[in-house]
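Trainee: Take a look at the letters that make up each chain.
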Amino acid sequence: DQQVKQNSPSLSVQEGRISILNCDYTNSMFDYFLWYKKYPAEGPTFLISISSIKDKNEDGRFTVFLNKSAKHLSLHIVPSQPGDSAVYFCAASQDNDYKLSFGAGTTVTVRA
Amino acid sequence: DGGITQSPKYLFRKEGQNVTLSCEQNLNHDAMYWYRQDPGQGLRLIYYSQIVNDFQKGDIAEGYSVSREKKESFPLTVTSAQKNPTAFYLCASSIGGSTEAFFGQGTRLTVV
Numbered sequence: 001d002q003q004v005k006q007n008s009p010s011l012s013v014q015e016g017r018i019s020i021l022n023c024d025y026t027n028s029m030f031d032y033f034l035w036y037k038k039y040p041a042e043g044p045t046f047l048i049s050i051s052s053i054k055d056k057n058e059d060g061r062f063t064v065f066l067n068k069s070a071k072h073l074s075l076h077i078v079p080s081q082p083g084d085s086a087v088y089f090c091a092a093s094q095d096n097d098y099k100l101s102f103g104a105g106t107t108v109t110v111r112a
Numbered sequence: 001d002g003g004i005t006q007s008p009k010y011l012f013r014k015e016g017q018n019v020t021l022s023c024e025q026n027l028n029h030d031a032m033y034w035y036r037q038d039p040g041q042g043l044r045l046i047y048y049s050q051i052v053n054d055f056q057k058g059d060i061a062e063g064y065s066v067s068r069e070k071k072e073s074f075p076l077t078v079t080s081a082q083k084n085p086t087a088f089y090l091c092a093s094s095i096g097g098s099t100e101a102f103f104g105q106g107t108r109l110t111v112v
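As given, the protein sequences belong to chains A and B, one line each in that order.
Anchor point for the first sequence: position 36 equals 36 in our numbering, and the numbering is continuous, going up by one each time.
Anchor point for the second sequence: position 92 equals 92 in our numbering, and the numbering is continuous, going up by one each time.
Just so you know, the hints here were simulated from the structure itself, not pulled from any lab data.
Bear in mind the structure is a predicted one, so any value in this text is a computation, not a measurement.
Using N, Cα and C, we set each Cβ at its ideal position, and we do this for glycine too.
Be aware that one or more of the hints could be misleading.
Only pairs whose alpha carbons sit at most 30 Å apart, straight line, appear in this in silico DSBU-like list of lysine-lysine [said to hold, decoys possible]:
hint : chain 1 : residue 1 : chain 2 : residue 2
1    : A       : K68       : A       : K5
2    : B       : K70       : A       : K99
3    : A       : K71       : B       : K14
4    : B       : K14       : A       : K5
Interface residues of chain A toward chain B, partial, derived using beta-carbon atoms under 7 Å [as the list claims (entries may be wrong)]:
hint : residue
5    : L34
6    : Y39
7    : A70
8    : P82
9    : D84
10   : N96
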């Protein structure tokens with residue numbers, strides 16, 4: 001039973017525009033959320049995280065929004081750049097739990 | 001440089017043979033993990049270890065075994081009992097729970 005869902009397998013966006021990636025979760029005990037970026041044949045790299053006590057966290061071009069009541073989070077990338085073309089994974093864990101649950105990923109393609 | 005090293009990057013084995021994937025980290029992290037990625041799916045947790053000489057099963061541990069004799073090393077053995085061993089295997093480490101995990105570059109295992 002997948003507890004973290006990324007319902008959009010792919011997203012195409014023009015360079016310079018905003019990319020919005022969505023993630024839904026079913027486990028109300030999750031309180032720590034992360035986004036990872038992954039290129040083919042490489043390991044994921046950590047992008048940004050947010051804990052449940054916040055509803056927004058920003059790091060440069062990347063902003064993560066958390067809506068706990070809706071069990072939904074999103075990642076905004078502004079402005080999108082060609083190097084942002086990759087697979088993005090949403091992940092979640094419970095308080096002090098070592099286990100991360102991952103979504104299936106969204107493939108982002110940034111068009112020139 | 002600090003990081004996680006997985007070797008080899010590509011591995012081929014005949015069906016019915018056991019194979020061991022190497023994972024070493026010099027980040028001084030207590031926790032280490034093994035994930036498996038299949039096409040179109042997210043990362044699924046195989047095993048994790050919170051501390052030396054201790055490890056726990058993840059969501060898909062059947063057909064796999066691990067050891068954690070040293071803090072820096074967390075090898076994964078894919079046994080002949082694993083029914084679908086061909087996959088991309090990722091090792092990760094973290095300081096503890098509810099923190100970001102850092103991933104290695106992955107090992108692609110192909111069983112023929």
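Trainee: Each hint should be assessed against the structure and marked as holding or not.
Mentor: Hints, verified against the model:
| no. | hint | result |
| --- | --- | --- |
| 1 | A/K68 <-> A/K5 | 15 Å, holds |
| 2 | B/K70 <-> A/K99 | 21 Å, holds |
| 3 | A/K71 <-> B/K14 | 44 Å, violated |
| 4 | B/K14 <-> A/K5 | 35 Å, violated |
| 5 | L34 | 6 Å, holds |
| 6 | Y39 | 10 Å, violated |
| 7 | A70 | 21 Å, violated |
| 8 | P82 | 22 Å, violated |
| 9 | D84 | 19 Å, violated |
| 10 | N96 | 4 Å, holds |
Violated hints for the displayed structure, listed by number in ascending order: 3, 4, 6, 7, 8, 9.
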